[in-house]
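Colleague: Work out the full structure, taking the sequences as your base and the hints as a guide.
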Amino acid sequence: MKEIIPELKIEHIKRLAAGGNRADGRSLGQFREMSIERDVIGTAEGSARVKLGKTDILVGVKIELGAPYPNHPDEGMLKTTLELRQIAHHSFDPGQMKNRAIELSRVVDRGVRESRMIDMKKLCIEPGKKVWMVYLDIQVLDYDGNLFDAATIGSIATLTGARVPASAFGLGEDFPLPLSEMPISTTFVKIDGHIMLDPTATEEAVADARLTVTMDSQGNLRAMQKGLSGAFYYEEITTAIENSIKTGNSIREIIRSG
Amino acid sequence: MKEIIPELKIEHIKRLAAGGNRADGRSLGQFREMSIERDVIGTAEGSARVKLGKTDILVGVKIELGAPYPNHPDEGMLKTTLELRQIAHHSFDPGQMKNRAIELSRVVDRGVRESRMIDMKKLCIEPGKKVWMVYLDIQVLDYDGNLFDAATIGSIATLTGARVPASAFGLGEDFPLPLSEMPISTTFVKIDGHIMLDPTATEEAVADARLTVTMDSQGNLRAMQKGLSGAFYYEEITTAIENSIKTGNSIREIIRSG
Amino acid sequence: MKEIIPELKIEHIKRLAAGGNRADGRSLGQFREMSIERDVIGTAEGSARVKLGKTDILVGVKIELGAPYPNHPDEGMLKTTLELRQIAHHSFDPGQMKNRAIELSRVVDRGVRESRMIDMKKLCIEPGKKVWMVYLDIQVLDYDGNLFDAATIGSIATLTGARVPASAFGLGEDFPLPLSEMPISTTFVKIDGHIMLDPTATEEAVADARLTVTMDSQGNLRAMQKGLSGAFYYEEITTAIENSIKTGNSIREIIRSG
Amino acid sequence: MEDIKLIDDEGKRKDGRAPDDLRDIRIKAGVLQNADGSAYIEWGKNKIMVGVYGPREVFPKHLQRPDRAIVQVNYSMSAFSVDQRKKPGQGRRENEISKIISEALEKIIISNQFPRTSIDVFIEVLEASAGTRCAGLTAASVALADAGIPIIDLVPSCAAGKIDGQIVLDLDKIEDNIGEADLPVGYVPKTGEVVLLQMDGHFTPEEFEKAFGMAKEACLHIHKLQREALIARYPLEAGDENDGENADGNVDDNRGASQ
Amino acid sequence: MEDIKLIDDEGKRKDGRAPDDLRDIRIKAGVLQNADGSAYIEWGKNKIMVGVYGPREVFPKHLQRPDRAIVQVNYSMSAFSVDQRKKPGQGRRENEISKIISEALEKIIISNQFPRTSIDVFIEVLEASAGTRCAGLTAASVALADAGIPIIDLVPSCAAGKIDGQIVLDLDKIEDNIGEADLPVGYVPKTGEVVLLQMDGHFTPEEFEKAFGMAKEACLHIHKLQREALIARYPLEAGDENDGENADGNVDDNRGASQ
Amino acid sequence: MEDIKLIDDEGKRKDGRAPDDLRDIRIKAGVLQNADGSAYIEWGKNKIMVGVYGPREVFPKHLQRPDRAIVQVNYSMSAFSVDQRKKPGQGRRENEISKIISEALEKIIISNQFPRTSIDVFIEVLEASAGTRCAGLTAASVALADAGIPIIDLVPSCAAGKIDGQIVLDLDKIEDNIGEADLPVGYVPKTGEVVLLQMDGHFTPEEFEKAFGMAKEACLHIHKLQREALIARYPLEAGDENDGENADGNVDDNRGASQ
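Residue numbers (our numbering), protein chains in the order written: chain A, 76 to 333; chain B, 76 to 333; chain C, 76 to 333; chain D, 35 to 293; chain E, 35 to 293; chain F, 35 to 293.
Read the hints as simulated data drawn from the structure, not as lab findings.
All values reported here derive from a predicted model rather than from experimental measurement.
All residues carry an ideal CB built from backbone N, CA and C; glycine is no exception.
There are no misleading hints in this set.
Simulated crosslink set (DSSO-like; lysine-lysine; CA at most 27 Å straight-line):
| hint | chain 1 | residue 1 | chain 2 | residue 2 |
| --- | --- | --- | --- | --- |
| 1 | B | Lys197 | D | Lys121 |
| 2 | B | Lys205 | E | Lys121 |
| 3 | A | Lys173 | F | Lys121 |
| 4 | E | Lys79 | E | Lys39 |
| 5 | A | Lys205 | B | Lys204 |
| 6 | D | Lys121 | B | Lys154 |
| 7 | B | Lys154 | E | Lys133 |
| 8 | F | Lys121 | C | Lys173 |
| 9 | D | Lys121 | B | Lys196 |
| 10 | D | Lys121 | B | Lys126 |
| 11 | F | Lys224 | A | Lys89 |
| 12 | C | Lys205 | A | Lys205 |
| 13 | E | Lys121 | A | Lys126 |
| 14 | E | Lys207 | B | Lys196 |
| 15 | B | Lys89 | E | Lys224 |
| 16 | F | Lys95 | A | Lys173 |
| 17 | B | Lys129 | D | Lys79 |
| 18 | B | Lys126 | B | Lys321 |
| 19 | C | Lys205 | D | Lys121 |
| 20 | F | Lys62 | F | Lys79 |
| 21 | C | Lys173 | D | Lys121 |
| 22 | F | Lys121 | C | Lys126 |
| 23 | D | Lys207 | C | Lys154 |
| 24 | E | Lys121 | B | Lys173 |
| 25 | D | Lys95 | F | Lys95 |
| 26 | D | Lys207 | D | Lys79 |
| 27 | F | Lys79 | C | Lys129 |
| 28 | B | Lys173 | B | Lys129 |
| 29 | E | Lys121 | D | Lys121 |
If you want the ones that stay clear, here's a sample from chain A, every Cβ over 10 Å from chain E, calculated:
| hint | residue |
| --- | --- |
| 30 | Ile85 |
| 31 | Glu86 |
| 32 | Leu103 |
| 33 | Gln105 |
| 34 | Glu108 |
| 35 | Asp283 |
| 36 | Tyr309 |
| 37 | Glu328 |
| 38 | Arg331 |
Modeller: See the structure below:
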């Protein structure tokens with residue numbers, strides 16, 4: 076559900092873009108200021124609040140016991156859920172946002188999963204019977220664009236600080252989630268032929284196309300997703316990948332130091 | 076979903092109330108005539124049809140085997156369901172009545188549960204594995220106000236006459252539900268500052284606020300629920316409690332003799 | 076959801092019917108040309124594509140392991156599902172088609188079930204624990220009337236060619252579904268007092284009443300279903316039964332030779 | 035289960051009925067206050083309440099028919115109406131029965147008098163014991179008449195079936211469970227039309243003929259019970275009761291009286 | 035569980051509180067960008083975010099009221115807000131709480147100024163630890179004021195209860211789980227009206243009186259915290275703060291300033 | 035599973051293909067009667083039917099766009115299309131694929147010719163064997179052309195991936211299950227634009243470049259198959275077939291012929 080943006084505002088954003096500028100003063104390839112606050116929710120096994128510009132997201136992880144999938148009997152499970160509830164934006168009508176929320180959660184999930192960030196085999200307690208279930212729940216409190224990256228960053232920050240509550244189930248001491256990689260997504264939009272990193276809500280509403288690139292700490296691609304009804308040229312994609320390597324490293328620094 | 080009531084009728088009801096009178100000739104604190112017919116449904120383990128004025132409610136209980144909640148492994152379970160189906164009133168559109176039906180069933184359930192009427196531990200057969208599940212289903216056939224009390228009274232009458240079908244499962248002889256208390260709810264509305272017991276549909280449609288008081292046979296409070304967008308003063312609440320003790324005792328008499 | 080048919084077309088169909096004729100040149104009691112193609116879906120344990128005039132239906136059966144119903148512990152299970160998806164006709168709005176799809180699938184299911192076509196007891200592996208579940212799924216690709224018969228014929232053709240995938244579960248060699256009967260349904264509509272076999276979409280839209288007769292290979296009745304808001308006289312029903320015996324035998328020939 | 039004998043050596047069924055006996059049927063019209071028309075039926079152990087509302091404006095509008103009323107039947111089983119508790123919400127069986135009863139009633143309602151409206155029929159099965167769709171349709175047409183909705187005729191409905199190889203009327207629960215065939219019929223006495231017909235099980239064409247005939251005869255008897263229920267509800271017209279030819283006319287007259 | 039002592043020999047509760055002590059409460063107004071008004075409350079371990087949108091046109095239209103605004107509250111628990119993960123989607127408990135908070139707010143909103151509109155209140159429970167409905171209602175009325183919606187008064191809300199046979203204020207999680215009674219109250223200081231009242235457990239009438247009085251006193255205290263939160267949000271009016279009599283007027287003035 | 039070799043010592047994949055070989059692809063246009071346009075594709079073991087309806091008025095109206103048509107894609111897996119039966123109803127995966135194919139098609143449809151309308155595309159996966167989103171998009175644009183809906187170009191789509199550390203084209207089911215990366219691409223030959231792009235697994239930037247190039251080349255080949263399918267459907271224009279430059283013009287001409 077694109078928001079309706081007045082024609083004048085659209086023209087303004089396009090004119091700025093033509094000169095390499097943006098309404099909030101950033102350069103086209105620049106990420107917004109970001110803050111990460113961890114362990115904000117006592118009932119969660121890990122949590123993080125991410126503010127990316129005015130976008131405000133809260134992520135919590137619950138880790139519980141469950142039965143594994145029959146075709147992966149020796150692996151823990153990851154379930155990622157994101158809800159776009161109306162508190163975050165007046166246009167977030169639950170029915171109409173369903174498709175968008177599903178895509179968002181699946182792209183976040185794919186980044187975590189495909190990077191093999193979590194060692195799922197270490198979350199198996201008894202093969203075929205009992206494994207740790209990792210429920211990653213993402214809640215959007217305030218929306219000003221780029222939920223893809225805010226949600227991924229919040230998820231990564233949450234997972235890196237999470238502890239498996241083994242002692243509560245008489246299964247030894249609590250331990251940190253067994254993690255290796257730290258995937259980071261970066262999202263770009265295309266407006267009038269100009270590629271912009273980390274779009275605001277207004278930029279998203281004007282954008283022709285969207286591209287999310289999720290990379291690992293080695294600079295390798297782990298997931299990509301093109302969205303919206305516009306298109307990209309190949310060169311635009313490779314340029315985005317280059318930016319993504321650089322930006323991803325900065326973001327990783329913020330998470331590690333957070 | 077309040078019914079639309081003509082302005083003239085509203086004025087009439089308010090004028091009557093100002094003089095301490097009601098459209099059906101009752102005094103403000105008077106309960107309507109009530110009849111209770113028990114064991115009306117052969118397929119149920121207990122049942123009762125309650126007619127409270129023109130309000131007509133049928134309650135049935137089914138008692139089946141099931142697994143207990145993990146956090147209450149040695150207790151049977153109670154599930155209370157109430158449906159406001161359109162046969163009872165033309166305004167009972169299923170979608171719009173959902174909230175009202177949920178509140179009703181939860182208030183009835185709370186009265187039964189909080190009074191510890193049913194000794195849930197006696198409904199455990201094998202801790203953690205097998206318990207008796209008590210399904211209390213309330214069906215409204217005709218609506219003329221005060222579903223809260225009609226549903227509670229019908230439920231109490233049903234439960235007091237219900238038998239656990241142990242023999243059908245090879246678990247010994249059938250036995251009555253293990254009961255102690257007999258909670259009764261009384262519901263009041265406030266119209267133009269006047270408190271009325273046991274409102275009719277028209278009175279409910281005109282009412283500013285509603286208060287349900289559920290008391291046990293010792294004259295103690297077990298559950299309360301304020302409803303509608305009006306308010307009560309403290310003195311109105313205590314007056315309602317006093318009336319509730321008296322009215323509850325009369326109703327208990329009717330149930331016992333029924 | 077009847078399609079809206081122009082008045083002129085309705086008159087045309089009725090005039091033709093009065094002379095014993097139909098728009099596509101058939102006689103009133105004549106079935107359309109039909110083709111059956113089997114084993115068209117590699118992932119299914121059996122499948123058939125049936126083209127009945129321009130009606131085009133794909134049926135697939137999946138056979139999986141499951142637990143039996145508690146009240147039939149020594150029998151396999153049959154679940155029949157039919158979806159009227161919008162690809163088949165522009166009027167097939169999912170919400171509005173629900174009732175029609177349920178009736179269709181239940182009538183098909185009843186024909187298969189009541190003829191005791193499948194020997195359900197032979198699908199029991201371990202009584203009370205493990206049985207074969209037969210999932211019959213019917214998909215309509217193109218709609219030009221008489222989905223009842225096309226779906227039944229497609230289902231029968233699918234079941235007669237299906238194999239139980241025992242080897243995949245280490246339960247011995249694959250084997251054909253244990254079948255005896257071959258029920259066939261024939262569907263008639265009544266237009267202006269004239270009974271027509273195998274109606275097209277246009278004829279269905281004009282029809283007053285519908286009658287489906289499902290018979291076994293011995294010429295005995297196994298299931299019937301009257302539909303639409305018209306009515307039949309008794310003589311019309313017995314005439315339909317007579318036609319059904321004859322037509323059913325021809326269809327069985329086509330299935331056997333297919 | 036197959037060795038249970040449903041008919042004894044003297045030709046009696048387990049509840050003592052002869053093959054062509056109906057279970058006891060009691061019908062009462064006008065039993066609810068809010069509904070525009072209503073009827074309650076006890077048929078054997080079946081207990082069913084029917085309420086009718088309408089004609090009233092159709093919502094949503096795209097369901098409106100410019101030339102006639104639509105008939106919307108909601109057949110619903112109470113949670114406690116069956117041996118094993120039924121979960122709330124309309125299941126597939128209830129959905130199908132709602133549809134076929136709706137289609138049967140559409141045939142008898144003179145629906146072109148009320149274009150763009152809906153006539154809503156709520157059939158609440160409070161206790162079920164085989165034959166609820168016939169009992170529900172039987173009571174529904176009484177409730178329609180009670181609501182003053184013009185109908186061609188009351189529709190009685192009854193099933194015939196086969197047990198122990200023999201054609202019998204009106205299967206009860208055990209007969210329905212282990213019997214060989216069931217044939218519910220809705221029949222309009224005035225026109226001789228069949229407005230509801232289903233069948234499952236195993237009938238030779240000859241058995242079908244016999245079963246149908248038995249169900250039809252029962253419908254004629256039930257039709258009398260329906261009329262008596264309406265007469266009891268509107269006793270002012272009781273004098274007309276003997277005039278069988280005007281039975282349907284009476285129904286219309288009753289309507290006038292009830293408005 | 036019954037032999038856990040919730041009050042020690044010195045009259046202290048497990049977290050050290052006296053019987054009539056509240057848990058720590060912190061309220062912040064104006065914490066979201068998109069919402070027309072918002073508030074965040076930490077109450078003990080409860081963490082709740084409230085956003086208000088409106089007045090805005092009601093959709094679907096049949097919910098519109100020609101004479102006033104409707105108030106739609108959505109109280110929702112985050113999946114991670116409780117010990118055992120809550121599945122997404124509104125459950126029956128959330129539905130009921132949404133309804134009673136909605137009814138409480140309708141009483142204080144001067145809703146006839148905005149006919150045909152809706153005022154939507156989203157209460158997101160981020161961490162739950164007993165008393166969320168009171169904390170949610172308390173924060174919601176602050177968020178309404180922050181949105182500039184005219185209200186009669188702020189509504190503070192607090193529960194009293196019974197543990198170890200003694201009446202205490204503001205049950206925490208363990209007290210709520212194994213305590214004997216709970217009485218959440220929403221109270222309008224300006225009018226003395228009770229706009230939210232529920233109770234479950236076991237109270238004698240005398241215990242009810244004591245518990246109600248304790249909850250009411252607490253509400254008066256919480257009312258101050260609510261006003262302080264709004265004053266902190268709109269510091270230009272900070273000078274008016276000492277004038278208690280005009281507190282509600284200040285809220286309205288703040289509204290003007292925030293628009 | 036990791037020790038299964040997907041490429042043998044001679045560089046052949048398990049089904050005998052070279053790394054840059056496509057599976058067999060057959061496309062047929064105009065295969066349904068009721069749909070305004072349709073196409074059937076077999077791609078390896080994938081079998082997919084696509085039907086297009088529209089442009090037609092949008093319902094509900096608030097989805098209408100005053101300046102253009104909207105494109106609504108419904109990608110759906112048949113219950114029997116996979117090894118373990120899929121339950122009816124659209125799952126989250128189907129929902130996402132519907133969305134990305136819809137967005138890809140919106141780019142090629144000249145949608146401003148049909149304001150306030152909807153173009154509905156139904157993609158029915160009858161048998162699935164890896165690569166259904168590419169096959170579905172490929173067939174969908176053929177069905178759009180068959181429906182006479184003006185498009186900029188046909189969109190071919192194909193995935194490249196990585197197995198045994200090597201970049202290969204068009205993963206089949208086992209390669210998709212245990213391979214290391216997958217990159218589905220939808221490419222518009224006329225403009226060089228990428229309208230569908232997803233990726234998961236592990237690619238170095240260099241591997242991505244190679245995989246993308248391989249997918250793009252395959253798209254150019256598939257584009258020919260799409261045009262041939264349309265030419266076979268509308269043989270009157272067969273003479274134009276050799277004129278590659280006018281391929282897209284042909285599509286438009288075909289449209290005229292089919293109306």
